[in-house]
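Protein chains in written order, with this note's numbering: chain A, 24 to 141; chain B, 24 to 141; chain C, 24 to 141; chain D, 24 to 141.
Misleading hints may appear alongside valid ones.
Quick list of the computed label-pair ranges, beta carbon to beta carbon [stated by the list, open to error]:
| # | chain 1 | residue 1 | chain 2 | residue 2 | range |
| --- | --- | --- | --- | --- | --- |
| 1 | D | 42 | A | 86 | 45 to 55 Å |
| 2 | A | 131 | B | 128 | 56 to 66 Å |
| 3 | B | 42 | D | 112 | 20 to 30 Å |
| 4 | D | 73 | C | 128 | 46 to 56 Å |
| 5 | D | 29 | C | 42 | 52 to 62 Å |
If you are wondering where the hints come from, they were derived from the structure by calculation, not from laboratory data.
All figures in this text were calculated on a predicted structure; none of them were measured in a lab.
Beta carbons are placed, not taken as given, at the ideal position from N, Cα and C, and that holds for glycine.
As a plain string of letters, each chain reads:
There are 4 protein chains.
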Amino acid sequence: MEEIKQLAERLREFAAERDWERFHTPKNLTMALSGEVGELVAELQWLTPEESTEVMKDPEAGARVRSELADVFIYLTRLADILGVDLLSAADGKIREHERRYGVETHRGSARKAPPLF
Amino acid sequence: MEEIKQLAERLREFAAERDWERFHTPKNLTMALSGEVGELVAELQWLTPEESTEVMKDPEAGARVRSELADVFIYLTRLADILGVDLLSAADGKIREHERRYGVETHRGSARKAPPLF
Amino acid sequence: MEEIKQLAERLREFAAERDWERFHTPKNLTMALSGEVGELVAELQWLTPEESTEVMKDPEAGARVRSELADVFIYLTRLADILGVDLLSAADGKIREHERRYGVETHRGSARKAPPLF
Amino acid sequence: MEEIKQLAERLREFAAERDWERFHTPKNLTMALSGEVGELVAELQWLTPEESTEVMKDPEAGARVRSELADVFIYLTRLADILGVDLLSAADGKIREHERRYGVETHRGSARKAPPLF
Numbered sequence: 024m025e026e027i028k029q030l031a032e033r034l035r036e037f038a039a040e041r042d043w044e045r046f047h048t049p050k051n052l053t054m055a056l057s058g059e060v061g062e063l064v065a066e067l068q069w070l071t072p073e074e075s076t077e078v079m080k081d082p083e084a085g086a087r088v089r090s091e092l093a094d095v096f097i098y099l100t101r102l103a104d105i106l107g108v109d110l111l112s113a114a115d116g117k118i119r120e121h122e123r124r125y126g127v128e129t130h131r132g133s134a135r136k137a138p139p140l141f
Numbered sequence: 024m025e026e027i028k029q030l031a032e033r034l035r036e037f038a039a040e041r042d043w044e045r046f047h048t049p050k051n052l053t054m055a056l057s058g059e060v061g062e063l064v065a066e067l068q069w070l071t072p073e074e075s076t077e078v079m080k081d082p083e084a085g086a087r088v089r090s091e092l093a094d095v096f097i098y099l100t101r102l103a104d105i106l107g108v109d110l111l112s113a114a115d116g117k118i119r120e121h122e123r124r125y126g127v128e129t130h131r132g133s134a135r136k137a138p139p140l141f
Numbered sequence: 024m025e026e027i028k029q030l031a032e033r034l035r036e037f038a039a040e041r042d043w044e045r046f047h048t049p050k051n052l053t054m055a056l057s058g059e060v061g062e063l064v065a066e067l068q069w070l071t072p073e074e075s076t077e078v079m080k081d082p083e084a085g086a087r088v089r090s091e092l093a094d095v096f097i098y099l100t101r102l103a104d105i106l107g108v109d110l111l112s113a114a115d116g117k118i119r120e121h122e123r124r125y126g127v128e129t130h131r132g133s134a135r136k137a138p139p140l141f
Numbered sequence: 024m025e026e027i028k029q030l031a032e033r034l035r036e037f038a039a040e041r042d043w044e045r046f047h048t049p050k051n052l053t054m055a056l057s058g059e060v061g062e063l064v065a066e067l068q069w070l071t072p073e074e075s076t077e078v079m080k081d082p083e084a085g086a087r088v089r090s091e092l093a094d095v096f097i098y099l100t101r102l103a104d105i106l107g108v109d110l111l112s113a114a115d116g117k118i119r120e121h122e123r124r125y126g127v128e129t130h131r132g133s134a135r136k137a138p139p140l141f
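With the rest of the complex left out, here is chain A (with noise of 0.2 Å):
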């Protein structure tokens, strides 16, 4: 099985065996993603960039920005799963768009002629 699909389905799980079905409405799971996604900034805020490639190597920085992660995909998997959508097939659809919209030849190097990669 597919390892979004599978991971959707277990966490389908449980949120029915602890009965949080209800809590869990694509409004609620939204601000739970946005809540999650929060923590994560907070861990980069006062980072320089250059710092920020490093976060990894700082056990305890590195682990909780690991969590965060998890987190963030945990909410958007239950979100996506919530909301019956395939989310590879639809970044897929999203990265022809943008292959189409921002050409090779034209777009590269700069970030003042599109927002890099989305």
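Put chains B, C and D on the given structure of chain A with help from the hints.
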């Protein structure tokens, strides 16, 4: 190849071809992730929780929500790749931890005793 | 002296006394603001909209919400000060714009036609 | 009348005239605040910290940043008003607390020992 590693690889090439790698520091990507989550939040902010469960039935709003979920997933995958974090393994560790902490019997039905899910 | 200018002045001194000014770039302060808003979101994520209107009646949750609002206001004031933006004047301009755009007669009662307020 | 109370009063009328009050629950307004902060984050995400200090010199980017700051301030003021929180008093309490916690002598220059400012 696994789904998420494949997506990370594709995003790596996308950035490399456009010479956008220097923008993709953990600090910047975390901000980009946060900005995209903000757009997702904006889609659901005036809906009731009940209305939010029906959001995908509206073709226009549904397409926007799907598109924002894709953006969040793309930046999360790119950020985790840059940091060397395996999202699936990190999520697995977090779920095990929560299975221990929030027992099925002791935490059923309550959002007071425990933040549901995470 | 006006309230917000007075607060901005106090925060300026607070940072200067501790030699924290070099951390207070617009980029970093925006992340700090975002992180604090994330904490506020987390306080309300599992409440229904109706429960959220009663949140200040719970002494503990109410104190946390008040504390997060203070943090958000502090970072917003500091960020605007660093950028040279007069918050009151900027808000006044935005409200005038919205008064023109969202007429009382045409936009009454609807969150479809217009995002309420802004 | 004080500046912020005056702004809160104006926003109250703005919502009442359009019958938008029922959308303005603390939960919804917190999401709206979060969405606006996301837009602000997006303006600065690809800038270096140094570039971010110059953002107001670019007329277009500067106008967008000013507009986002206004939106954040408006929603924060409206949210605090709905919750019955006096922003200035709450901020004053927080600053006093931090003056005690982060002494000038002990916390000078370090973002390790203390999160700068708050």
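Now for the hints, and whether the structure bears them out:
One distance hint, 45 to 55 Å for the beta-carbon pair residue 42 of chain D and residue 86 of chain A, holds here, with the actual separation near 50 Å. The beta-carbon spacing between residue 131 of chain A and residue 128 of chain B, approximately 58 Å, falls within the hinted interval of 56 to 66 Å. The hinted range of 20 to 30 Å is not satisfied by residue 42 of chain B and residue 112 of chain D, whose Cβ atoms lie roughly 51 Å apart. At about 49 Å, the beta-carbon gap between residue 73 of chain D and residue 128 of chain C stays in the expected band of 46 to 56 Å.
In this structure the hint that residue 29 of chain D and residue 42 of chain C lie 52 to 62 Å apart at CB is violated, the actual value being about 36 Å.
Violation of the numbered hints given earlier is confined to hints 3, 5; the remaining hints are satisfied by the structure.
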